[in-house]
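> Protein chains in written order, with the UniProt record's numbering: chain A, 1 to 662; chain B, 1 to 153.
Hints listed in this document are in silico derivations from the structure and should not be mistaken for laboratory results.
Misleading hints may appear alongside valid ones.
Stretch-level coverage of chain A by chain B, calculated; a stretch enters the list once three of its residues show a Cβ under 8 angstroms from a Cβ in chain B [what the hints assert, rightly or not]:
no., stretch
1, 339–349
2, 366–380
3, 386–400
4, 603–612
Note that the Cβ used here is the ideal one computed from N, Cα and C, for glycine as well.
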Amino acid sequence: MGDIGHWALIFAIIVIPYAIFANVAAAKTGSHKWFRSAKYAAAVLAGLTTLASASLVYLLVTSNFDYQYVAQYSSTDLPVFYKVSAFWGGNAGSLLLWLWILSLYTMFVAWSTHRESRLYLPWVSAILLVINLFFAFLLNSIAQPFALNPEQVSEGNGLNSLLQNPGMAVHPVTLYLGYIGFSVPFAYAMAALILKKVDATWLKITRRWTLLSWLFLSIGILYGAQWAYVELGWGGYWAWDPVENASFLPWLTATAFLHSMMVQEKKGMLKKWNVSLVTITFLLTLFGTFLTRSGVLWSVHSFANGPIGSYFLGFIGLILVGALYLIMTRASVLKADAPFESAVSKESSFLFNNLLLVGAAFTIFWGTIYPVISETVTGSKVMVGAPYFNRVNVPIFLAIVIMMGIGPILAWKKSSLKLVRKNLTLPVFAALIVALALFISGVRGWMALSAFASSVFVFVIITTEFFRAVEARKKVTGENALRSFYMLFVKNRQRYGGYVAHLGVILIVMGFTGAGAFSVDTQYNVTEGEVVMVGDYSLMYRGLGEYSTEMTNVIYGEFLVEEDGEYLGVIRPEKVTYLNGNQPTTEVSVVSSIEEDLFVILNGWVPDSGNSVIQVKIFPLISGIWYGGYVLILGTLISLWPEKRRPRKATMSVRREMVYDG
Amino acid sequence: MKTKMKIILAAITFLAVIGGLMLTSIGSTGTFYLTVDELLVDKAKAAGKPVKVSGNIVGESLKWDPEQILLEFDLEGENGERVTVLYEGVKPDTMNDGWEAIVEGELQEDGTTIIATELLVKCPSKYEAMEENGEVPPEGHEPTTGQPEGGYE
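Turn these sequences into a full structure, and let the hints guide you.
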């Protein structure tokens with residue numbers, strides 16, 4: 001089976017150059033034969049990578065330790081699910097996953113039809129294939145998944161026990177689906193530049209790609225945060241480490257792109273900006289993969305240590321130079337159709353939200369690579385951590401939240417200041433009341449106060465928007481309120497789905513604020529029978545216990561938990577040691593409710609006394625992060641949902657309607 | 001033109017504020033990142049300032065007192081120089097002999113002890129290099145954090 005995978009990858013690297021050539025020939029000559037041949041080549045490529053992936057999965061599932069990758073990341077005692085997930089447990093495998101997904105996307109695009117597809121597709125496919133070529137090259141040279149094991153072994157290393165968690169098995173795949181998806185809008189943007197066609201066609205075609213990729217990226221990031229929270233054993237969910245930042249950077253620029261593309265679609269402005277944003281986003285997805293692959297991971301000490309890192313940097317440089325060249329040479333055709341008519345308008349609010357998002361991305365990028373910069377400039381490495389990122393980004397994010405409120409009440413082209421002021425009165429008033437109430441109840445931190453106040457501000461504006469739209473619809477159509485509410489989503493998915501997503505963001509902001517600003521963290525050394533009071537909770541320690549499974553030995557502390565005198569149940573935070581010598585893991589106990597989480601960690605025990613050392617944390621409002629995530633997903637899905645196909649006349653009137661109310 | 005000017009002015013203000021935030025924060029939150037050897041060369045200069053120091057864990061020096069929740073161990077530099085680390089916090093699951101750790105804290109006046117507020121154990125980079133060269137690294141060398149700060153504060 002391994003031979004099949006090995007040869008599939010070799011054939012892949014032969015097919016790709018041919019497919020690129022056929023596409024360029026189709027673009028230059030307009031020949032239908034070349035075009036068709038290129039389409040089939042893309043399908044063959046997808047078939048080959050599917051074959052290679054299937055063969056690697058087969059080797060993993062059958063525990064064939066003749067292959068080095070299998071010996072390194074799997075073992076016979078793993079459940080099948082984790083054997084499969086070892087596919088992306090290591091370097092070579094995850095690069096193969098990259099190529100597999102990318103080639104499937106490429107085939108999907110090559111076989112699609114849309115307006116002017118015959119014109120666009122050869123160039124789009126050619127660009128996507130160049131990216132395919134890079135990954136196929138890596139897989140055939142320095143990261144070979146089908147390399148044979150130099151020594152005979154009867155058992156593999158197994159998958160890191162921390163990664164043996166369903167969420168963690170899925171997390172990398174969702175991130176990759178998101179990362180790789182951005183190569184499609186990027187390829188369309190470049191194709192549009194090559195063709196000197198800079199209307200919004202490429203944006204309209206790729207809107208769903210962008211949204212879907214963005215959705216996968218969001219889910220991937222949230223999954224990662226949740227995994228860290230429950231699995232790593234210290235109750236962290238976001239620590240600003242380089243790898244987290246690496247996934248957050250393209251998310252920020254993609255979020256900016258999602259908003260600014262509306263300005264180009266509706267008004268024909270910000271063309272250069274959009275092309276640049278999609279390029280930056282794509283480059284950042286490569287940069288993210290580079291960071292996780294190059295050993296920059298935990299320390300900047302080993303920056304670009306391995307050969308893979310330098311290949312990635314080289315490829316990023318190549319793409320950057322190519323894209324810059326195209327943008328520069330096409331600068332004259334990228335002129336806006338119309339100038340800004342007023343500083344107070346929807347388009348300008350989108351521009352400022354973009355500045356904030358890209359600004360945040362820049363500060364995070366700078367902080368992440370600062371050790372490298374400072375060493376080059378001053379000779380000594382200076383690192384920045386969470387304090388830097390929080391101090392810089394909390395104000396920026398607050399401004400972004402406030403923009404989320406202001407944006408909806410501004411009109412396209414020009415807003416009357418009087419109307420804006422009128423629409424702002426209620427939300428500002430509500431925000432101030434909430435801030436005052438919080439202040440009176442003892443909340444002092446300005447960050448927490450402004451975060452809650454601005455969340456309320458946005459919430460009031462969005463609900464008012466819904467309320468007004470429903471009322472207006474009821475008057476015109478005579479439908480009941482519920483039906484009108486539903487019809488809003490049918491008539492303008494993009495807008496109202498977006499509002500729902502914004503509500504999700506607000507919940508997430510509140511979750512981060514609550515858990516960050518008001519968390520409690522205490523440590524105790526408890527004797528059997530002792531009762532510890534933390535917040536509204538009391539924990540009665542009942543002593544240590546021990547049990548064993550086939551692979552593990554587990555020691556746990558047992559506690560009876562009560563909240564305000566009401567019995568909640570028994571919790572058993574654990575320390576797990578593995579008999580095969582893997583590092584021990586800490587299994588925390590979390591008692592969740594909507595308002596807060598009680599988080600208990602068994603840190604250790606005092607020998608011979610039965611005493612436990614525990615850490616008890618309370619994270620208020622943290623469920624907002626996860627529930628907000630679901631709302632965000634729901635809102636994005638609403639925006640994504642395909643519109644019903646209508647006869648041409650009807651589509652025209654819908655378009656007009658969108659211009660008027662959007 | 002007037003509108004354009006207004007927008008440009010507003011944009012510049014936005015960017016200036018962001019830039020200002022960055023500059024002031026980098027200056028006040030940046031910590032020097034040194035190896036044990038580099039630290040001990042600049043002992044006098046480094047004492048009393050926040051530093052991040054990387055070195056290898058000396059397994060036999062490890063003392064973990066769960067009652068006080070106090071971890072004490074030595075970090076060794078490439079040249080065999082050592083510095084003692086006192087970390088008030090929980091022992092990470094990965095405190096193995098020879099593994100690379102990064103601690104953040106302050107070097108005391110005596111020049112031989114660091115009181116650490118953060119501890120991060122990473123797998124030795126040679127294993128990563130080995131992995132990239134296609135060799136099999138020792139088991140379970142995934143990096144694990146000690147007690148990093150919980151993100152948003």
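> It remains to establish, for every hint, whether it holds in the given structure.
Going down the list of hints, with the structure as the test:
no.	hint	result
1	339–349	holds (count 6)
2	366–380	holds (count 6)
3	386–400	holds (count 9)
4	603–612	holds (count 5)
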